[in-house]
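Chemist: Residue numbers (numbering that gives the first Met the number 0), protein chains in the order written: chain U, 0 to 281; chain L, 0 to 281.
If you are wondering where the hints come from, they were derived from the structure by calculation, not from laboratory data. Incorrect hints may have been included.
Chain L regions said to be covered by chain U (calculated; three or more residues, Cβ under 8 Å) [to be verified]: (1) 53-66; (2) 95-103; (3) 174-182.
Take a look, some chain U residues computed to stay more than 12 Å from chain L by CB distance [as the list claims (entries may be wrong)]: (4) G12; (5) S19; (6) T30; (7) S44; (8) T57; (9) D93; (10) P164; (11) A225; (12) R234; (13) L237; (14) S260; (15) A269; (16) R277.
Even glycine gets a Cβ: it sits at the ideal position worked out from N, Cα and C.
There are 2 protein chains.
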Amino acid sequence: MTLQTLSESRAHGGIQRVCSHVSAATGTEMTFSVFLPPAAQNALSLPAVIYLSGLTCTHANVTEKGEFRAACAELGLIFIAPDTSPRGEAVPDDPAAAYDFGLGAGFYVDATMAPYATNYRMWSYVADELPQLLAASLPLDLARMGIMGHSMGGHGALTLGLTYPERFRSISAFAPIVAPSQVPWGQKALSGYLGEDRTAWRAHDAVALVESGARSGEILIDQGSADAFLAEQLRPELFKAACDQAGQPLTLRMQAGYDHSYYFISTFMADHLAWHARRLAT
Amino acid sequence: MTLQTLSESRAHGGIQRVCSHVSAATGTEMTFSVFLPPAAQNALSLPAVIYLSGLTCTHANVTEKGEFRAACAELGLIFIAPDTSPRGEAVPDDPAAAYDFGLGAGFYVDATMAPYATNYRMWSYVADELPQLLAASLPLDLARMGIMGHSMGGHGALTLGLTYPERFRSISAFAPIVAPSQVPWGQKALSGYLGEDRTAWRAHDAVALVESGARSGEILIDQGSADAFLAEQLRPELFKAACDQAGQPLTLRMQAGYDHSYYFISTFMADHLAWHARRLAT
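Just chain U, same shape as in the assembly (with noise of 0.2 Å):
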């Protein structure tokens, strides 16, 4: 597991880092940035969150359009963003090549069909060995971590989440995708990468886990009114309903005119962090 470094740049006073790695749950080398802010260069351990990026998108997207780091570089917050799958020629894609399903679009779920099972293994890779690799060898408190993301990776902080209440304390969300079970995306993806069985795709499913029994602390989502995938893909009413039935608390933003782009995102993500920051300060 050596770490390599593409590129490191000073930014708001910390360092934006790109690095690479051959991944033991993809069997692929995958690429992720971290922002280090000033804080990182003396303190022992910070608290971090873990960005999870939407279909399509690689860690680049919200590494250069997040606008995130003013706000980890005041609130001493490490920000770690991933890629959305594992990647490489050796990788299989949708037979299509659709952007909804294969490479950029891994919907952070361990696959159990032929012929993803081998790398398709993102819910691994997120859980466990990013953070255990980055935990080696900066100043990352592993106690004190948040999880968010943006679609597809609002599912995926979604299910993470629900599922590691105590590996991550905090979670939030834009315009996430709630019930994948539901949907026209979740249901290709799950059934392509977890099969037929509907049982299985109650894991991933964050309306299905809180109706299980999963549960967080407060969990925050802003959702553009204006978003071409509110009422087809993402419908958060559904997990409003499902929160409100288990007791699970729950903060729903409907922000009027926004659309699903990182202008959205970039709009919103200041609050997010500070909203974090403050659940992972102790």
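Take the given structure of chain U and dock chain L to it, following the hints.
Modeler: Coordinates of chain L only, in the frame set by chain U:
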């Protein structure tokens, strides 16, 4: 001069637009971005800053990576980002398609040399056409405009600002080319666009302009100490010496460890915008 809106997204409470129009100056279709802060919904006229990008860039680089929207929203500043050259199949490029001449490298001059003279008229485009075009449809106060830029765009901001101090009331730059007549990037561009007679270059060289008596209010420059282009292409010490000699007020800040990238620009963007806003307040 019909203005076409290519995209529009809500961001930081305002509106980020990308627009195109057929330019009288360049004879081509030009694309630019403009951010309208929330105050634009009610204000009759707002101050504006034109941001000129560096080599290889389009409007998109700063629009995505510049981290200017939060500050512009708070300060009530309109932010305008034009392209760096004319584009299109009919526009002559560098014969070798190099990154530092031709497409993406207009150097903010009105070319006089064939075959560039027809389209490469970024000086007139930025100084005249674009502000007039925008003022016709937006609450933009032409009497309260500032100009800023990065690298080649810093060169453009300095030369346009020093030439038209009544039009551009505040000037700032990130890692600007300050003496194109004395560095490889500038010598290639100015000889290609303006010819070998170096007297014609002086109007497009910030050091020469200050030596010839051009003046502005205080100019702000940030320069990273780890910038790979610092010693050969940028040479801010030449501008410092010219300003000191001439009594032109200049704040030149060397920023330790910062490189030439948008990680550097975005770090100091809010600071530059506040600096412009103070000078454009009335």
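Chemist: Minimum Cβ separation between L237/U and chain L greater than 12 Å?
Modeler: The assertion about L237/U holds, with a minimum of 24 Å to chain L.
Chemist: Please verify the coverage claim for the segment 53-66 of chain L: does it have three or more residues whose C-beta sits within 8 Å of some C-beta in chain U?
Modeler: Three-residue rule met by the segment 53-66 of chain L, so holds; n is 3.
Chemist: Say whether it holds or is violated: G12/U keeps its Cβ farther than 12 Å from all Cβ of chain L.
Modeler: 7 Å, violated
Chemist: Please check whether the beta-carbon of S260/U is more than 12 Å away from every beta-carbon in chain L.
Modeler: 5 Å, violated
Chemist: Decide, holds or violated, for the assertion that all CB atoms of chain L are farther than 12 Å from the CB of T57/U.
Modeler: The assertion about T57/U holds, with a minimum of 14 Å to chain L.
Chemist: Beyond 12 Å on every Cβ pair: is that true for S44/U relative to chain L?
Modeler: 24 Å, holds
Chemist: Per the stated criterion, does the least C-beta distance between R277/U and chain L lie above 12 Å, as a non-interface residue requires?
Modeler: 20 Å, holds
Chemist: Is the Cβ of S19/U farther than 12 Å from every Cβ of chain L?
Modeler: At about 19 Å from chain L, S19/U clears the 12 Å cut-off, so the statement holds.
Chemist: Say whether it holds or is violated: T30/U keeps its Cβ farther than 12 Å from all Cβ of chain L.
Modeler: 17 Å, holds
Chemist: Holds or violated: the segment 95-103 of chain L covered by chain U, criterion of 3 or more residues with Cβ-Cβ distance under 8 Å?
Modeler: violated (count 0)
Chemist: Please verify that the nearest CB of chain L lies beyond 12 Å from A225/U's CB.
Modeler: The assertion about A225/U is violated, with a minimum of 7 Å to chain L.
Chemist: Taking 8 Å as the C-beta cutoff, is the stated coverage of the segment 174-182 of chain L by chain U satisfied by three or more residues?
Modeler: Our answer is that it is violated, as 0 residues pass the Cβ test (under 8 Å) against chain U, missing three.
Hint compliance for this structure: hints 2, 3, 4, 11, 14, 15 are not met, and every other hint is.
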